[in-house]
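Asks: Residue numbers (this note's numbering), protein chains in the order written: chain A, 35 to 360; chain B, 5 to 234.
In short, the hints are calculated from the structure, not lab data. From a predicted model like this one, the values you see are computed outputs, not experimental measurements. Hints should not be assumed to be uniformly reliable.
What the hints assert, rightly or not - A few chain B positions that, by computed beta-carbon distances, are all more than 12 Å from chain A:
#  : residue
1  : Thr8
2  : Leu20
3  : Phe31
4  : Leu35
5  : Val51
6  : Pro87
7  : Met121
8  : Pro190
9  : Ala205
10 : Gly209
11 : Arg220
Said to hold, decoys possible - Pairwise CB distance ranges (calculated):
#  : chain 1 : residue 1 : chain 2 : residue 2 : range
12 : A       : Thr293    : B       : Arg177    : 31 to 37 Å
13 : A       : Val71     : B       : Ile129    : 43 to 49 Å
14 : B       : Ile36     : A       : Arg112    : 23 to 29 Å
15 : B       : Ile36     : A       : Ser72     : 41 to 47 Å
16 : B       : Gly81     : A       : Pro187    : 47 to 53 Å
Every residue gets a Cβ at the ideal spot worked out from N, C-alpha and C, and that includes glycine.
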Amino acid sequence: MTPLHFEELYQAEWQELEGLLGRMLGRGREAGAAQPVSGERVAALYRRACEHLAIARARSYPAYLLARLERLTADAHRQIYRRRDFGVSNLKQLLLADFPRAVRAHARYVWTSAALLIVPMLAAGLLVYARPELILSVVSADTAASFERMYSPAAESIGHARTADTDWTMFGFYIRNNIGIAFQCFAGGVIAGLGTLFFILYNGAFIGAIAGYVTQRGFAAVFFPFVVTHSAFELTAIVLSGAAGLRLGAAVLAPGESTRVQALVGAARESVVIVYGVAALLLVAAAIEAFWSSARWLPPPVKFGVAAACWIAVLAYLTLQGRRAG
Amino acid sequence: MLDTAVAAETPEGIVLELRPAGLSARFYAFLIDWLIRLGVLWAVAMVAQMLGGLGTGLTLIVYFALEWFYPVVFELGRSGATPGKGVFELKVVMDDGLPVTPAASLTRNLLRVADFMPFCFGFAIVSMLLRRDCKRLGDIAAATLVVYQPRAAPKATLDMVVPVAPAQPLAPRDQAAVIALAARAPTLTVERLDELAALAAQICGDAGRSGPEVTRRVLGVAQWLLGRRP
Numbered sequence: 035m036t037p038l039h040f041e042e043l044y045q046a047e048w049q050e051l052e053g054l055l056g057r058m059l060g061r062g063r064e065a066g067a068a069q070p071v072s073g074e075r076v077a078a079l080y081r082r083a084c085e086h087l088a089i090a091r092a093r094s095y096p097a098y099l100l101a102r103l104e105r106l107t108a109d110a111h112r113q114i115y116r117r118r119d120f121g122v123s124n125l126k127q128l129l130l131a132d133f134p135r136a137v138r139a140h141a142r143y144v145w146t147s148a149a150l151l152i153v154p155m156l157a158a159g160l161l162v163y164a165r166p167e168l169i170l171s172v173v174s175a176d177t178a179a180s181f182e183r184m185y186s187p188a189a190e191s192i193g194h195a196r197t198a199d200t201d202w203t204m205f206g207f208y209i210r211n212n213i214g215i216a217f218q219c220f221a222g223g224v225i226a227g228l229g230t231l232f233f234i235l236y237n238g239a240f241i242g243a244i245a246g247y248v249t250q251r252g253f254a255a256v257f258f259p260f261v262v263t264h265s266a267f268e269l270t271a272i273v274l275s276g277a278a279g280l281r282l283g284a285a286v287l288a289p290g291e292s293t294r295v296q297a298l299v300g301a302a303r304e305s306v307v308i309v310y311g312v313a314a315l316l317l318v319a320a321a322i323e324a325f326w327s328s329a330r331w332l333p334p335p336v337k338f339g340v341a342a343a344c345w346i347a348v349l350a351y352l353t354l355q356g357r358r359a360g
Numbered sequence: 005m006l007d008t009a010v011a012a013e014t015p016e017g018i019v020l021e022l023r024p025a026g027l028s029a030r031f032y033a034f035l036i037d038w039l040i041r042l043g044v045l046w047a048v049a050m051v052a053q054m055l056g057g058l059g060t061g062l063t064l065i066v067y068f069a070l071e072w073f074y075p076v077v078f079e080l081g082r083s084g085a086t087p088g089k090g091v092f093e094l095k096v097v098m099d100d101g102l103p104v105t106p107a108a109s110l111t112r113n114l115l116r117v118a119d120f121m122p123f124c125f126g127f128a129i130v131s132m133l134l135r136r137d138c139k140r141l142g143d144i145a146a147a148t149l150v151v152y153q154p155r156a157a158p159k160a161t162l163d164m165v166v167p168v169a170p171a172q173p174l175a176p177r178d179q180a181a182v183i184a185l186a187a188r189a190p191t192l193t194v195e196r197l198d199e200l201a202a203l204a205a206q207i208c209g210d211a212g213r214s215g216p217e218v219t220r221r222v223l224g225v226a227q228w229l230l231g232r233r234p
């Protein structure tokens, strides 16, 4: 059989496959895109094209023929084996089941991460409360002064570094800053967990030191009603992103029966689900922090009440949501 | 082996060849993307300035989105490449040559922070220089590759040459070499073209000879291989 004969014989099949692939990609709208593409037919034609390519290669057919078949099979391969994992279309499934399930599957890492955040937080808080000058070993004098201004009872709106800042400005700031920190906590895990360890410990100590300092200055009545609501989302999110990062670190350090790279790929695939949820939690936290927590006119009892509800809701969501199969 | 090509085999036994992109191409692509991001951010900040506090908040949110999701949006698009990568004909694919998945794209872009450590993309540069497939840490964890987009086969435009049937069956590599020679023919001097064609003279039964006639027949074989017939 000559190459020309071969081409003539199977041309029609290749053209049909090219047409079907084009329709799957949404090209050629006008040419009968109404009928759905038959997956069975595409798969059958794809296997045929693979056979033809193998034959053409074995017989050293002309390069233009090989190039055409290579392009055709590569295009079909991309369409047939396209993976759809955790896409935007699965957002509902993610929030209703995948995210809380992933958190529970990583319970060990979550508890470790929580301890790594809370222990330095308490330690730094108590230390700075007892000896306020220690705050200067965590932040500069200017920063300490600005925190004092932010939570002083004289401030018009709580949590604003400068009086000119509006709630919207702070909303943008919280999104950029806080979600960025969470992403860093996750990413740092790939360096044998060291990055995650650093970010979690540092943030714990930082938050604790500020809280201790502000309390010592006598602003507790402003500070705690401010932080208590959004911290339900924010602290949880930081702990969870730390847990995801620790998972990466554990995969690098103790890959078990797979190679280090395989373990890392698997760990990243499973723990990135947590990072999706973390981003959502921090989006909620930013909105609450900017528009609810900062409101002066809300009496502290209302804020504590809402805060309790938020904490219970977040913890119940993470422990109970998506337990039933389906 | 100096070749850095990575072979990805499909379940049907067809081998796809991927050519990972090196450090310099990826660095320049990153630089272009960085400048684009800077430009967009600057434009948004200019407009947002007029909106006061709301504008500042908006600018910060745009900054955040550009910082983390600019590459993700483009990688999940049809081209699989950011504009910077597009300039250098690069694209992001999975290890097996399939289009990059949302989870993998997000993973590799979140881990860019780790690649940046300890300073100035230190880990990324070391990792890319050490690995044959030029992956940075984010690519390793996400199981992705940055590859050159497959180029269309060179088009020989020597329509005045009469197609000649080859005197012997040619392996795909030899065919590709002959077609590549035909594609380069217009850019070569006549003498150099004759020299190169003489090396391939045996494919048209002229082994050992050289000259314009041999060159014409070699190019004729290239025409034949491209499917043209007298």
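Asks: The structure should be examined with respect to each hint, and the outcome stated for every one.
Replies: So, going through the hints one by one against the coordinates:
At roughly 17 Å from the closest C-beta of chain A, the C-beta of B:Thr8 stays outside 12 Å, upholding its exclusion from the interface. With a closest Cβ-Cβ approach of about 6 Å to chain A, B:Leu20 is found to fall inside the 12 Å limit, against its non-interface label. No Cβ of chain A comes within 12 Å of the Cβ of B:Phe31; the nearest lies about 20 Å off, and the non-interface call holds. Once the 12 Å rule is applied to beta carbons, B:Leu35 is consistent with being away from chain A; the minimum gap is 22 Å.
Distance to chain A confirms B:Val51 as a non-interface residue, since its nearest Cβ pair spans about 15 Å, more than 12 Å. The non-interface label for B:Pro87 is consistent with chain A: the shortest C-beta to C-beta separation is roughly 21 Å, beyond 12 Å. At roughly 6 Å, the least C-beta separation between B:Met121 and chain A is not larger than 12 Å, which violates its mark as non-interface. Distance to chain A confirms B:Pro190 as a non-interface residue, since its nearest Cβ pair spans about 19 Å, more than 12 Å.
The Cβ of B:Ala205 lies farther than 12 Å from every Cβ of chain A, with a closest approach of about 19 Å, so its non-interface assignment holds. The claim that B:Gly209 is not at the interface with chain A holds, since no C-beta of that chain comes within 12 Å of its own (minimum 18 Å). No beta-carbon of chain A comes within 12 Å of the beta-carbon of B:Arg220; the shortest separation is about 19 Å. At about 33 Å, the beta-carbon gap between A:Thr293 and B:Arg177 stays in the expected band of 31 to 37 Å.
Our hint of 43 to 49 Å for A:Val71 and B:Ile129 holds, since their Cβ atoms are close to 45 Å apart. Taking the beta carbon of each, B:Ile36 and A:Arg112 are about 26 Å apart, inside 23 to 29 Å as hinted. Separated by about 42 Å at the C-beta atoms, B:Ile36 and A:Ser72 satisfy the suggested range of 41 to 47 Å. At about 51 Å, the CB distance of B:Gly81 to A:Pro187 agrees with the hint of 47 to 53 Å.
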